[in-house]
Every structure is written in C-alpha cells, then in structure tokens.
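Asks: For reference, the chains in residue letters:
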Amino acid sequence: MSDFEQAFALALRLLFSFDPALIEIVALSLKVSLSALFLAGLIGLPFGAAVAVTRFPGRGGVIILLNAMMGLPPVVIGLLVYMLLSRAGPLGVLGLLYTPAAMIIAQTILIAPIIAALTWQVVESLEGEYSELFRSMRVPFHRRVPTLLFDARFSLMTVMLAGFGRAVAEVGAVMIVGGNIDHLTRVMTTAIALETAKGDLAQALALGFVLVLIAITVNGAVIVIRQAARRRAYA
Amino acid sequence: MRSHEAAVLPIEARGLRYKAGGRALIGPLDLTISQGGITALMGPNGAGKSLLLRLLHGLIRPTAGTISFSGRAAGDGAPRQALVFQKPVLLRRSVAANISFARSLAGGGEHVDDILAEAGLTAQARQPARLLSGGEQQRLALARAMALRPQLLFLDEPTASLDPPATLLMEDMIAGIAQRGIKIVLVTHDVGQARRLADDIAFMHQGRIVEHGPAGTLIEAAETKEAQAFFAHRLVL
Ligand SMILES: Nc1ncnc2c1ncn2[C@@H]1O[C@H](COP(=O)(O)OP(=O)(O)OP(=O)(O)O)[C@@H](O)[C@H]1O
Ligand SMILES: [Mg+2]
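Residue numbers (our numbering), protein chains in the order written: chain E, 1 to 235; chain G, 1 to 237.
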C-alpha cells in the first residue's frame, strides 16, 4: 500500500470510529461557525432589510460598501480582529485573543456583510412586489421589515446557508485570531493545514471528508428549500 | 341603515389634475359622489380610471386639485379605505395568513374563519395563497381588503379575467358588501355588471369625467357622444 492509500484507509477508520480528537475539532468548528452565523444573522438580516426598504442620503454608498465587504479576504479580517484584540489593541483588556470568542467575532465580521448584502437583494426585489400593496393597505413602517423578512423566508434560509458555508470553510481568520491551539481553538480548517504540514495526511483527510460532507449537506439543504418554496409558489 | 356614509360621503374631487412624463393624464376633473351604494367608473382603455382610483386612494399625489371625504381633506381624517388591484398581490403565505395579516392591521374585527367562509375559501384556508385559481385569488384579495374594515372600498376591474360563474360569485360578494353600508367605487368595462351592481355611473374619457348619473340613465340614454358611443358599441357586440 502506498502512503496515500494508507492515509486514506486510516482517515476512514478515524471517521467511523468517531475518534474523540476528531469529534472535538469538528464540534468546535460547528460551535464557532454556528455562533458566528447566529450573530451575523441577527445583524445582517434586519440591516439588509432596512437598507432595502428605506431611502436615505448615502444609501448607495452603504450598498457599495456592503458589496465590497462581501469580498474581504478572511486573512485581512483576521488581521483586523487581531489588532483589535491583541494586548495593545483597543479591546485588549478583554483578553479574548486566542479564544473561541475571538474566532466567533472574526467569522461574524466575515459573514455579516455577506448576509446583509444578500438579504438586501432578496428583500429589495420582494419589496418591489409588495410596495404598492403596503401603501394601499397603509402598512406602518415597523411592520414592513418583519413582513418582508418573513415572506422572503425561503430565500433567506439559503442566504444563511451560504453564510454558514463561507464561515465553516474559512481558514485565514480563525488561524490568526484563534492560533490553532490544541483542545482550545483548533477547528477543522486550521487542523487540516497543520496536519498536512506535519505530514499526518490521515488526520487531515478525515477532517477534509467531514468538511466536504458539510458542504454537500449545505448545498443539499439549499436545493430542498428551493424546491419547497417552488412547490408553494413562493419562489 | 347605511352606517359608514357619514364618514365617507360626499366624495369630492375638485380641479383634480395628474401629470406624468410631461403628459396630462388626468383632468381637470371634478367629481362629486354623494350617494351611497356602488358607483361604477367606466370608460375606454386608457381613459384614466385606474389613475383616478389611485388618486382617490392616496397612492399617487395629484399635480393639482383637492380630494375630500365628507368635507374633510384626504389625508387628515380620511375614512378607512381599501383598494383591490386588478392583478391582486398576495402575500407569500397561506390563504388564512393573508387575511390575518390584514386583520392585525385593522386591530381586530371579524374572525378569519368567518371572513374566509364569506369568500367561499374555507376549504383553501391552509393552502399557499399563490396557488389559488384566478377567481379564488380575486375573492381572497377582496376578503383581505374587507378584513381591513374599510368604510370605503375601491375595486379595479375585479372580474376582468374571470369566467361567468366566478364573476357571479364575485358580484354576490360585492353586492353583499354594499348592503352593509360600505361605499364602493368599482371600475368595470362590463356593461352587464354595471347594470347589475351600480347605482350610478361616472363615465371617463381622456382623463375627465364627461358624464355622471344614475346607472339606468347612462346605459340607456347617455347625453354625451363619448358615453353614447361606448354603450352603443357594447350593446351591438
Ligand atoms: N406612471 C405613468 N406614467 C406615464 N403614463 C401613465 C402612467 N400611469 C398611467 N399612464 C397613462 O395614463 C393613461 C391612463 O391610464 P389608466 O391606467 O388610468 O387607464 P384605465 O382607464 O385604467 O385603462 P384600462 O381600462 O386599460 O385599465 C394611459 O394612457 C397610461 O398609459
Ligand atoms: Mg385600469
């Protein structure tokens, strides 16, 4: 058996034996990325919807900024959060650097603009459809945003999934602010980078499988949601 | 007793004009509706009927002129009013949820189930609204407008794309609403419908009201040549 085949076999064995070290890393990855998703959704959904339904000076600038922030490289965000949280930085006193909290902050900053920008697009097009109805029914402003968010729920679920996919697969930001510390801040992507560098291909491959599985699940969920929406003529 | 008329009537438009894209689309237009019941707004395509309805409902602002209800300028203390578009926009929710949304805006009123029963939509209550047939969608849009508890109701060609049975169902609903003392302004091209439902007819041509009177009089013996031509043509068809 070649090294590669051996690594492959060992990776599968690790996976199916639910290796505790592996589980720990996967669990932390999910915890960090789901927390970031929750926070980014809390910020991005209402913000994107509010930008879609309001008209204010500088709105075009906000939209351009949001779209630009969608493309920010994770390492740059990692660097910014590092500078914020490092002992000399403005938030250094919190002592958050090299903790899961720092990783959650970095991933939140990474995906909040993505969720906000996609929410803006989704809600803006629905608002185009609803605006006359809203005015005709005299729907007050504070009811419009929740109504639009609710009625765009299928599209927004796919927006959230896109955000999650981006967060969980990202390596640059969590590496910088988490430090890839064993049992503390080691997540799938940083572990893969490390194990590969060390030559422990089995461990890296096993984690790679899990990441791919997550990606497939996320994409599968998107397809199922789209189909459900279409069946209800909500698409 | 026609309970809401005091808050609504007379509906008055004075010197109303509406311009868009450099074209005078409405007016100068004067209209006084002082009777309750159903007023039909008729006229050829492009006469400005939908625009007038939008102006009266406050969806667009007149370039000049005033609109008042019961002597009060539209905007302050306007009656509760609702409008049903020719192509209804339904929320991406169930049939019942479309009603309860409007009901929550009105802060209560009739139960959702009762409203659905009146619209003949009980069996479809849990269905996604957008899967309804055209006729059902129109009835839902009307029922949803009613859930807003209007004193004044604007309907823009509510039966234009419906088959005869669906049209009759819709007309029954409309007549029932008028009987409850809710003032209705109905845009229609259907002379038979105007004959069945309308108390009076306001006839529009090129952005103006050219004739306004009791329904029977306009249909049988219009005075203006525009209205004569319109109704004569219909009768020949
Ligand atoms: N926003 C707008 N800008 C420019 N022209 C408009 C606008 N809205 C309507 N018009 C024009 O105003 C005229 C009157 O339109 P309106 O929709 O009120 O006609 P209508 O009497 O309802 O006709 P129909 O019977 O076909 O529904 C039309 O010529 C239309 O093209
Ligand atoms: Mg029209």
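Since the hints were made in silico from the structure, they are not lab data. A quick note: this is a predicted structure, and the numbers were derived from the prediction, not measured. Note that beta-carbon positions come from the ideal geometry of N, C-alpha and C, so glycine has one too. Careful, some of the hints might be misleading.
Pulled from the structure, derived: some chain E residues nowhere near chain G, Cβ distances all over 12 Å [what the hints assert, rightly or not]:
id: 1; residue: E5
id: 2; residue: I23
id: 3; residue: L30
id: 4; residue: L34
id: 5; residue: V51
id: 6; residue: L72
id: 7; residue: G89
id: 8; residue: L91
id: 9; residue: G95
id: 10; residue: Y98
id: 11; residue: P140
id: 12; residue: G172
id: 13; residue: H183
id: 14; residue: A193
id: 15; residue: D200
id: 16; residue: A233
In silico lysine to aspartate or glutamate, EDC-like type, Cα no more than 16 Å apart, as pairs [what the hints assert, rightly or not]:
id: 17; chain 1: E; residue 1: K198; chain 2: E; residue 2: D3
id: 18; chain 1: G; residue 1: K87; chain 2: E; residue 2: E132
id: 19; chain 1: G; residue 1: K87; chain 2: E; residue 2: E129
id: 20; chain 1: E; residue 1: K198; chain 2: E; residue 2: D182
Asks: Taking the hints in turn, state whether each one holds.
Replies: Now the hints, each set against the structure:
no.	hint	verdict
1	E5	52 Å, holds
2	I23	40 Å, holds
3	L30	31 Å, holds
4	L34	27 Å, holds
5	V51	21 Å, holds
6	L72	32 Å, holds
7	G89	45 Å, holds
8	L91	42 Å, holds
9	G95	46 Å, holds
10	Y98	45 Å, holds
11	P140	8 Å, violated
12	G172	38 Å, holds
13	H183	46 Å, holds
14	A193	43 Å, holds
15	D200	50 Å, holds
16	A233	4 Å, violated
17	E/K198 x E/D3	14 Å, holds
18	G/K87 x E/E132	12 Å, holds
19	G/K87 x E/E129	12 Å, holds
20	E/K198 x E/D182	14 Å, holds
Hints 11 and 16 from the list above are not met by this structure, while the remaining hints are.
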